[in-house]
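Novice: The listed protein sequences correspond, in order, to chains D and W. Every position in the first sequence, counted from 1, becomes a number in the working numbering once 1466 is added. Every position in the second sequence, counted from 1, becomes a number in the working numbering once 4 is added.
Everything hinted at is true.
Partial list, computed: chain W residues near chain D (C-beta under 8 Å):
{"id": "1", "residue": "Val69"}
{"id": "2", "residue": "Pro70"}
{"id": "3", "residue": "Glu83"}
Which chain W residues stay away from chain D? Per the calculated CB distances, all over 10 Å, these:
{"id": "4", "residue": "Asp35"}
{"id": "5", "residue": "Arg47"}
{"id": "6", "residue": "Ala158"}
{"id": "7", "residue": "Val197"}
{"id": "8", "residue": "Asp204"}
{"id": "9", "residue": "Gly257"}
{"id": "10", "residue": "Gly305"}
{"id": "11", "residue": "Ile354"}
{"id": "12", "residue": "Arg373"}
{"id": "13", "residue": "Pro374"}
{"id": "14", "residue": "Ala380"}
{"id": "15", "residue": "Arg403"}
{"id": "16", "residue": "Glu444"}
{"id": "17", "residue": "Arg467"}
{"id": "18", "residue": "Asp471"}
{"id": "19", "residue": "Glu474"}
Read the hints as simulated data drawn from the structure, not as lab findings. All C-beta atoms in this analysis are idealised placements derived from N, C-alpha and C, irrespective of residue type, glycine included.
Now for the letters of each chain:
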Amino acid sequence: MLDVLHSLLFSTLDAAPALIFAALGAVLSERAGVIAVGMEGMMRVGAFCAAVAALTMPTPLAVVMGMLAGAALAGVHGFLSIRWRSDQVVSGIALNLVALAGGTFLLESLYGPNGTPPIQQLTRWNIPGLSSVPVLGALSGHSAPTYLALLLPFAFQGLLTRTPLGLRLRAVGDKPQAVATLGLSVPGLRWGAVLGSGLLAGLGGAVLSTAVLDRFEQHTPAGLGFMALAAMVFGRWTPVGAFLAATFFAFGNALRIGLVSSAPGLVELIPQGVLLALPYLLTLVVLTLQGQRSSAPAALGTPYEQESR
Amino acid sequence: MHRGELLAVVGENGAGKSSLMNVLYGLYQPDAGVLSLDGQPVRFKSPRDAIARGIGMVHQHFMLVPTLSVAENVVLGREPTRNGLLDLERAVQEVSATCARFGFQLEPRARVDTLSVGSQQKVEIVKALHRGAQVLILDEPTAVLTPQESDELARVMRGLVAQGHTVVLISHKLKEVLGVADRIAVMRRGRCVAEVRAADTTAEQLAALMVGDGQRAPAATSTPAVSQAPGEPLLDVRGLQATGDNGRPALRGVDLEVRAGEIVGIAGVDGNGQRELAEVLTGLRPLTSGSGALLGGPLSGLTPAQARTRGVGHIPEDRLHRAVVKALSVEENVALGRHTRPPFAKGPWIDFKGRRERTRELTVAYDVRPPDPEVALRALSGGNQQKVVVARELDARPRLLVVVQPTRGLDVGAVAQVHAKLREARDQGTGVLLVSLDLEEVLALSDRVYVFFEGRVTGHFLRHEFDERELGRRMLGTTEPGHA
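Between the sequences and the hints, there should be enough to build the whole structure, so can you do that?
Specialist: This is how it looks when you write it as structure tokens:
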């Protein structure tokens, strides 16, 4: 029983960081008032660039490349939605489509349909003494992003609630006009948040291809970017809430894998498709239960125009 | 303008008052001309520059973040910190100190969206003073206040002037300006046409200066002839309850009646259930409890289509959102809702000729400019768009007309026209339910007035009983529900 718990916890901690980073990125962008539908696309670009970069450079550096690629795509989103005030949902969907098609095209023309060649995975760290402790030992043996993903949400929460910058970010998402009349720059704050969300989504994608897998695959990130949005909503647009929700979703996924491997008889009872859909079904159930008690930023999705009074 | 005086800037809508002040505050850039402060030319690239030179502004629409506390709103942009972290304790102390210095009573930790409109305005003033504003610009500050709150604000403004601050008050309410200002500047069509001492002028002179030709004084406040004995009851509701957009009860047991041939006003501070009442009566919002008869049918389960066929006309608050389609032409907008009936349709087909003729008649009768049925509605000014809405709704000869904020944002001429048309409809036997946040408008038009506070009727006044003070008290819920 302890063994099962241990392995469930271990695979949760292995899979969760990608989702956590993307969910935090979504929170950052949306708290500043810019809708984050483009997370999936930014993750995909990050995952692809990190996998390709890792073929020629050390993997940690390749992860940084993935983050920058995510931020670059976020820059396009920024240009469309902040500079040109276009519809943020349309802009985000466009990014997703570009990333989906572009990724497939580059992958097939450069490496063929089976994904990029395998790369050196990020090093796993064993914490001496911890590995032998039952259950808690599952904390040992992960790569750096896992540990970062456990700390970052709390740091981010602190930033948002305890610093001047955080106050301004919250203000710009709820009432940008108020921020502008105080002489602060609405576009500046929103640009910062959007680029930051790109870095985080890119990191999430890069983690997928350098820590969870050892390559970029055709379907990466397979809807994780959208699940990050669900985690953000479930977590009520707070970093720690989104972190808990993302971890919960990752746990659901680990549960599915665990069920299939530990109880093969189950697969004959329940169709494989249903099991595969389990994390997504969990997401749906959770969002339905949460219902309308929304706490989205008030000015979410509204482009800021100085002339509009 | 001089240090330590209270200057009022008056003018019609669109005269350029707000634009001028936005230039002063650095939100807009001047195309030409020089701005001088203490004898030196200055140039504000953003509000930050203006704030640095001691200019503060209270906007017509509050610039407050509703989800943040009073203290957070005040310090936003110049937050006190300790070790890089936000020092909320100090923010609260600073705000309390500023409030104490100027005699405001505000709870620094309260969330702004829990405050009354009057209190929110004080937060705005504190925000400016906290930044060391010497010159305070107030843009239409009393538009949303009750008479009591306006008096309070006047005291606050005089207090600031007494302490050496300069206050600029933008307004179109002449009486109020005369009562509080030292000097008055009159603007018309982007120019300052006159500057007078408040002590040396009268409301009539100011009105003449504002309008320009010296002849046409605003007719909006003239007393209407009280209509003859009201006719049959059109609307009779008992114990009406409905839920607001936020899921909380917005109407908590309203009894009211509207008869043919009378204008019934609903007075109240914004957000006390007036909007929801109008939506229930037009079938846009379901009622949760209570009973009612509307034009010979039940009120519960009413759909907008049923409301229309029974003879309910609706001039909604937000015309662009609910009344017209900007991209369509004037004639298409006039046909909306009646597009299947003559003269707008012939069998299954659009009757282009009939539609055009009827629209042309209406544009002339309602003075829509330009009187061109084919022009896109978005090319019209706000006032002319509103005239199109009024024309369409009245042309359908409604038995009951639900009107919400019919003259918001219109200039004096258009206001007078819309008012005249509403009276005309009343005299022809239509029952009019008028919801407006502008107490003057309600009192000028109505034969009877219900006062709303927190979803209940807290007062009912006949025309000869109208008393602004008493209405104001009822609007704030400070007395027990009267003889409603």
